[in-house]
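Chains as they are written, first to last, in our numbering: chain P, 1 to 223; chain Y, 1001 to 1110.
Worth double-checking, as some hints may not be accurate.
Examples of chain P residues lying across from chain Y (beta carbon under 10 Å, computed) [unchecked claim]: (1) 34; (2) 56; (3) 58; (4) 60; (5) 62; (6) 66; (7) 67; (8) 74.
Quick caveat, the hints were computed from the structure, so don't treat them as lab data. Model, not experiment: these values are computed from the prediction. Quick reminder that beta carbons are idealized off the backbone N, C-alpha and C, glycines included.
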Amino acid sequence: MKIFVVVPLFNEKKHISSVLKNISTYNLPMVVVDDGSTDGSDIGLKELRLKDVTVLTHRINLGKGAAMKTGADFAFEKGADAVIFMDSDGQHEALDLPNFFEALESGKYDVVLGSRNLNYGVPLVRFLGNKFASVLMGLLFRIYVSDVICGFRAVAKTGYNKVKWDSDGYGVETEMVARIGKNKLKYCEVPVQTIYHNSVKGVTLLDAFEVLGNVIKWKLTLK
Amino acid sequence: MIIGLQIIALLFSFSMVYFAVLHYKRGELNGMEIGSWLILWLATIIIVVFPQLLQEFAKTFSIVRVFDLMVIGGFIVVISLVGSAYIRTKKLEKKLEDLVRRDALKNKHK
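The shape of chain P in the complex, shown without the other chains (with noise of 0.2 Å):
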């Protein structure tokens, strides 16, 4: 099974390097989105002359979302079979992509979600926004699913064009999951590690509220 790392890059000269060099350890395409970095990371990246590593670039900030998407076209069009979604801040750890390796070889998955175990580590804010979307994705799309905003996930090619979203920021998680829900796409949830860098950086309580009233437009207009 052919299967790519997307790594969607914004601003994280800092940390990108080891995330790289990490995942190289298991010889697989990787994909950088740089989505308009501005920090220099992409000096960094060129720098860093890792074996089998692609670099897009997009000259102004789209977002997450966006980048994610790019990645993962372009990953599809170059016949991968699935692609495995880390986040670029290094809150990700590369030991356990053999998780969602064995859940993806076993062929009976469109969409492999991590997720962080939320007793341990999580911000108190964070821990109940999550809990609070898990029910409530659940009450609207039927789907429960722990972590709904864990970054680290994958996505089989056949649950691809089903899955495949129209968020450009940190709505991208949900929506996935809202149509995972929707039509009814065959997922399961393997465990991950999440490190807390940066409490600045990633979803804020405004994203958040965003994200709420996305979740409401899905259920309404989602097909």
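Here the structure of chain P is known, so what remains is to put chain Y in place on it, guided by the hints.
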């Protein structure tokens, strides 16, 4: 009181006419657009100066004061403009996203 409101409304309408002409001269509005804006603001000026022109019209909607009719009309215009601006922005966003993503896929590097 009404005179005060009329003065404010007139000042506002004249400044909007000025901005419309300014944007037309800069080439940001075409002939059709400047025409529509000028008609809208000139009509507003006429109604502000001669509110009795709309008195009968207001009564048909059970609205006692022309001022109230203008406020309701203003809300309708503003809501329609915000709605159409929202749709246009969404379309532009989509076009920009497609362009940037296509460019990224075309110019990959290893």
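Going through the hints against the structure:
1. Hint status for residue 34 of chain P relative to chain Y: holds, with the closest Cβ pair at about 8 Å, below 10 Å.
2. At its closest, the beta carbon of residue 56 of chain P sits 4 Å from a beta carbon of chain Y; the interface hint therefore holds under the 10 Å criterion.
3. Interface hint at residue 58 of chain P: satisfied, since its Cβ lies 5 Å from the closest Cβ of chain Y, which is below the 10 Å cut-off.
4. Here the hint on residue 60 of chain P is kept, as its CB sits about 6 Å from the closest CB of chain Y, short of 10 Å.
5. Interface hint status for residue 62 of chain P: upheld, as the beta-carbon distance to the closest one in chain Y is roughly 6 Å, under 10 Å.
6. Against a cut-off of 10 Å between C-beta atoms, the interface hint on residue 66 of chain P holds, since the closest Cβ of chain Y lies about 6 Å away.
7. Below 10 Å, beta-carbon pairs count as interface contacts, and residue 67 of chain P has one with chain Y at about 9 Å; its hint therefore holds.
8. Checking residue 74 of chain P against chain Y: minimum C-beta separation of about 6 Å stays under 10 Å; hint holds.
Figure legend: structure checked against the earlier numbered hints; every hint is met.
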